[in-house]
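Novice: Let the hints inform the model, and build the full structure from the sequences given.
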Amino acid sequence: MRCPYTGAFTENEILALMAELARLWREDLISFETYVYIHLLQSTARRPIQIRHLKFEDLRKEISQGTWNYFLHIPSAKKRGGLFRETIKKLAITEDLYLILLNFIEYQYKKLLSLVDETFISGYKMKLPMFIDWNCLKMNLKNRNFDLSLLNKDIFHYSASSLELHSLRKFCIHQKAISERTGEIIHVTARRFRHTRGTNLGRKGVGAAIIAELLDHTDTQNVKVYTENTADTVQYIDRVMGAEMGKLAQAFTGRIISNLNESERGHDPTSLITNNGIDTIGACGTNDFCITGYETCYLCPKFRPLIDGPHQQIINKLYEEKEERLKQTKSIDYASSKDRIILAVEYVVQACNDMKRTMGHH
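If you read the sequence shown in full-length UniProt numbering, its first letter stands for residue 1, the second for the next number, and so on.
Treat each hint with caution, since some may be false.
[As the list claims (entries may be wrong)] List of simulated lysine-lysine pairs, DSSO-like, C-alpha gap at most 30 angstroms:
id, residue 1, residue 2
1, Lys247, Lys302
2, Lys127, Lys61
3, Lys138, Lys127
4, Lys142, Lys89
5, Lys302, Lys176
6, Lys125, Lys89
7, Lys176, Lys327
8, Lys110, Lys138
9, Lys61, Lys89
10, Lys153, Lys111
11, Lys142, Lys110
12, Lys90, Lys111
13, Lys330, Lys317
14, Lys127, Lys142
15, Lys125, Lys110
16, Lys302, Lys330
17, Lys142, Lys61
18, Lys89, Lys176
19, Lys90, Lys125
20, Lys89, Lys153
21, Lys125, Lys61
22, Lys247, Lys170
23, Lys327, Lys356
24, Lys176, Lys247
25, Lys127, Lys90
26, Lys111, Lys89
27, Lys317, Lys338
28, Lys317, Lys247
29, Lys356, Lys170
30, Lys111, Lys125
31, Lys356, Lys247
32, Lys110, Lys153
33, Lys127, Lys111
34, Lys61, Lys153
35, Lys170, Lys138
36, Lys138, Lys153
37, Lys125, Lys153
[Stated by the list, open to error] Label-pair restraints from in silico Cβ distances:
id, residue 1, residue 2, range
38, Pro310, Leu113, 52 to 58 angstroms
39, Ile185, Asn316, 26 to 32 angstroms
40, His174, Asp288, 49 to 55 angstroms
No lab work stands behind these hints: they were computed from the structure.
Quick reminder that beta carbons are idealized off the backbone N, C-alpha and C, glycines included.
Specialist: See below:
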């Protein structure tokens with residue numbers, strides 16, 4: 001089995017980490033730079049040195065047959081004796097990542113315009129580093145030594161170690177995502193995101209040459225580890241394992257209530273959450289508009305499940321549907337698509353039982 005501290009993340013660990021990233025950003029506990037850097041590590045599986053080399057011009061969109069496609073032109077890691085940004089690889093990205101990066105570019109540019117005149121820099125905007133070394137840039141401005149030709153070099157790009165210190169480490173300090181394998185806060189490194197992509201590709205039966213291409217390796221000798229012994233990287237969560245992992249994963253972040261009066265909106269009928277109109281399973285603690293199904297509520301911090309709600313029935317249904325998906329498709333990945341919800345409901349079932357025992361309910 002992959003090492004839970006240094007090896008590839010599980011699907012649930014990735015989901016937990018990205019949920020934490022969203023929370024930290026929402027609560028203003030991390031910088032925009034950190035938010036973007038973690039997204040890039042997770043989405044591209046590229047090395048920090050490649051991410052530091054990115055410039056504004058590397059974010060692209062193209063239209064094909066009436067549909068917009070989004071890309072990131074990522075420099076390959078510099079080989080010994082090679083030039084800065086000598087080789088560029090085109091990587092397809094999601095529209096979500098494109099929009100995050102587009103907003104980040106405008107944020108960085110606006111910050112730069114507070115230091116330099118736009119007429120001086122506007123013609124060079126697309127040559128600017130995505131991750132700007134502000135100390136270096138300010139030092140050059142202070143010494144009246146800001147030569148625009150330097151934008152073709154890596155002098156104003158954050159170093160890989162600075163990205164590690166200012167972005168990844170800040171995320172690690174604040175994030176509280178729990179591993180369902182250890183019950184501890186997940187240990188995060190840039191390498192683990194990369195290792196996860198390779199492991200998942202190997203598990204899907206992708207060959208070494210294609211994995212090497214997708215991870216931007218020059219040859220296949222370093223990707224063999226992803227194509228060998230792929231069976232032991234699969235973790236299928238059944239009822240027995242789910243009951244155990246539910247306690248550890250902390251996928252549920254809401255608050256269990258004894259009655260509706262304990263929820264923020266009391267008996268407001270629009271706050272009630274039902275399992276498709278059959279029974280009330282809890283209440284929503286916010287007025288925000290939401291279109292997700294009731295199962296997803298178990299992952300929401302605003303969900304207030306009732307202590308006497310039919311949570312055991314819901315977990316039974318989720319396991320039955322999972323078995324059916326596996327039977328129909330023979331795909332563990334597809335069958336496991338709701339695993340994080342399963343772990344959250346497992347936690348609620350166990351927590352409700354514990355609370356009932358404490359309260360003297362039988």
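Novice: Next, verify each hint and record whether it holds.
Specialist: Checked hints:
| no. | hint | in the structure |
| --- | --- | --- |
| 1 | Lys247 / Lys302 | holds, 20 angstroms |
| 2 | Lys127 / Lys61 | holds, 17 angstroms |
| 3 | Lys138 / Lys127 | holds, 17 angstroms |
| 4 | Lys142 / Lys89 | violated, 36 angstroms |
| 5 | Lys302 / Lys176 | holds, 18 angstroms |
| 6 | Lys125 / Lys89 | holds, 21 angstroms |
| 7 | Lys176 / Lys327 | violated, 35 angstroms |
| 8 | Lys110 / Lys138 | holds, 15 angstroms |
| 9 | Lys61 / Lys89 | holds, 15 angstroms |
| 10 | Lys153 / Lys111 | holds, 21 angstroms |
| 11 | Lys142 / Lys110 | holds, 19 angstroms |
| 12 | Lys90 / Lys111 | holds, 28 angstroms |
| 13 | Lys330 / Lys317 | holds, 19 angstroms |
| 14 | Lys127 / Lys142 | holds, 21 angstroms |
| 15 | Lys125 / Lys110 | holds, 11 angstroms |
| 16 | Lys302 / Lys330 | violated, 35 angstroms |
| 17 | Lys142 / Lys61 | violated, 36 angstroms |
| 18 | Lys89 / Lys176 | violated, 34 angstroms |
| 19 | Lys90 / Lys125 | holds, 21 angstroms |
| 20 | Lys89 / Lys153 | holds, 19 angstroms |
| 21 | Lys125 / Lys61 | holds, 17 angstroms |
| 22 | Lys247 / Lys170 | holds, 27 angstroms |
| 23 | Lys327 / Lys356 | violated, 36 angstroms |
| 24 | Lys176 / Lys247 | holds, 15 angstroms |
| 25 | Lys127 / Lys90 | holds, 17 angstroms |
| 26 | Lys111 / Lys89 | holds, 29 angstroms |
| 27 | Lys317 / Lys338 | holds, 12 angstroms |
| 28 | Lys317 / Lys247 | holds, 19 angstroms |
| 29 | Lys356 / Lys170 | violated, 40 angstroms |
| 30 | Lys111 / Lys125 | holds, 12 angstroms |
| 31 | Lys356 / Lys247 | holds, 17 angstroms |
| 32 | Lys110 / Lys153 | holds, 22 angstroms |
| 33 | Lys127 / Lys111 | holds, 16 angstroms |
| 34 | Lys61 / Lys153 | holds, 25 angstroms |
| 35 | Lys170 / Lys138 | holds, 23 angstroms |
| 36 | Lys138 / Lys153 | holds, 17 angstroms |
| 37 | Lys125 / Lys153 | holds, 14 angstroms |
| 38 | Pro310 / Leu113: 52 to 58 angstroms | holds, 57 angstroms |
| 39 | Ile185 / Asn316: 26 to 32 angstroms | holds, 31 angstroms |
| 40 | His174 / Asp288: 49 to 55 angstroms | violated, 24 angstroms |
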